[in-house]
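Asks: Residue-level listing of the chains:
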Amino acid sequence: MEIQVMANVLDRNDQIAAEINARISSYGIFTVNLLGSPGSGKTSLLEQTIKALNKELRIAVIEGDLFTSKDADRIACYQVPVVQINTSGGCHLDASMVKGALDKLDLSALDLLIIENVGNLVCTAEFNVGEDAKATVLSVTEGEDKPLKYPLIFKQSRIVVLNKIDLLSYTGFNMEAAIEDLSCLNPQSVLVAASCRNGDGLEVWYDWLRGQVASKKGSKP
Amino acid sequence: MHEMAIAQGILDIALDNAERHGAKKISRIRLLIGKMTGVEPESLHFCFSALAAGTKASEAELDIVILPLIGCCRDCGREFPIEAMRFFCPACSSAEVEIISGRELRVEYLEVE
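In order, the protein sequences belong to chains X and L. For the first sequence, counting from 1, position 92 maps to 92 in my numbering; every step adds exactly one. For the second sequence, counting from 1, position 78 maps to 78 in my numbering; every step adds exactly one.
It is worth saying that the hints were derived from the structure and are not from the lab. Glycine included, each C-beta is placed from N, C-alpha and C at the ideal position. Accuracy of the hints is not assured; some may be wrong.
What the hints assert, rightly or not - Below are the DSS-like pairs computed for lysine-lysine, each with C-alpha atoms no more than 30 Å apart in a straight line:
id, chain 1, residue 1, chain 2, residue 2
1, X, Lys51, X, Lys70
2, X, Lys51, X, Lys217
3, X, Lys220, X, Lys99
4, X, Lys149, L, Lys56
5, X, Lys155, L, Lys35
6, X, Lys216, X, Lys104
Said to hold, decoys possible - Computed footprint of chain L on chain X, listed as stretches where at least three residues anywhere in the stretch have a Cβ under 8 Å from a Cβ of chain L:
id, stretch
7, 61-71
8, 90-102
9, 165-174
10, 180-192
Next up, chain L with everything else stripped away, as it sits in the complex:
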């Protein structure tokens, strides 16, 4: 259940930003979560609502966008979706593949009142 630690991180970022902008209430938190993270959205919703109770974010909706797993070949520069966890370039078969999307755990923006 590391979603509790992740939810705490999200709440800290949201409350800190709301405070700095003088917001009274947070209504929405847009999250970007990569496909290759160990985060279970349902569990994250549950943990977040437990932690946010009694704060400015108590009624905030967690709006989760899942980002696909995309690799980029360091040898030929090809960008491609990684399927079935095969980290080889489909163009040149290189194993030098960098993940350019799919590892995100990021708060993109907040909607506040």
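Isolated chain X (complex conformation):
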């Protein structure tokens, strides 16, 4: 006997993600799913962002990590609410993990929620966690071939931060090729060339966040 099914495998995750988004949207909070390879600079970008915007925006962080709380400990130094999720070896966050973490935050006191995902360019791209936008950090030390090697994550990102440009002259990174590939793959995405070490270029990222937070607040139901 044949049973017609036509069911999306990720439906369950997507339903929970939609519930999360409805919940955070009811508070007018803008939520970013921060993605990138291990060591690309996601946590450094977070640290810089909190330092730059903490006085004007109420920020909270959800930290995804396989086993440790090293990143959450780094963020906690900046006196912002931070919730750690340990995936116990799991290569990505999923919506149900984030749903549990949300209960530990006071959503009425937030403008911006940043969810730092597990360092991974493949798995994290398939699982929505209720975010408004995905942002990917790509560092120049990883090589310019990454957008075409891992197209899904870059296709789904509204903004890509090209990090570690202070190291550009020490690498063979071809900036022109990287920008060309990213623009063909995702013509609507915003590209930011920056250094999270010395802060160069990050104003563009901050302005993007400010704009997204303001428009999310404006659309609060």
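For this one, chain X is given, so just place chain L on it according to the hints.
Replies: What follows is chain L alone, placed relative to chain X:
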């Protein structure tokens, strides 16, 4: 290895549907997987067989159909295969291209006994 989570999703859908139709055994699961998904079929087979052991799907064959990456231009309506990850319309050069095939992760049908 997110194929483990995907395989669990497939198994849940298959067992749930088999249960509702009173089936004793699942012999085949037809999957539609788009070219632009991060799923490695070999790894999916491996994860699925590990998870399905001891269930009605333990002998089920995963029949995977890979669907091509196709775009549709929002400006001129042209449908075209996307090659080399270039998301521009070949007819009018518009960058407003919607993916209409290639992102599927779907159980199409089951064969049961």
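Asks: For every hint, state whether the structure bears it out.
Replies: Each hint, compared with the structure:
no. : hint                   : result
1   : X:Lys51 with X:Lys70   : holds, 18 Å
2   : X:Lys51 with X:Lys217  : holds, 22 Å
3   : X:Lys220 with X:Lys99  : holds, 20 Å
4   : X:Lys149 with L:Lys56  : violated, 37 Å
5   : X:Lys155 with L:Lys35  : holds, 13 Å
6   : X:Lys216 with X:Lys104 : holds, 22 Å
7   : 61-71                  : violated (count 0)
8   : 90-102                 : holds (count 4)
9   : 165-174                : violated (count 0)
10  : 180-192                : holds (count 6)
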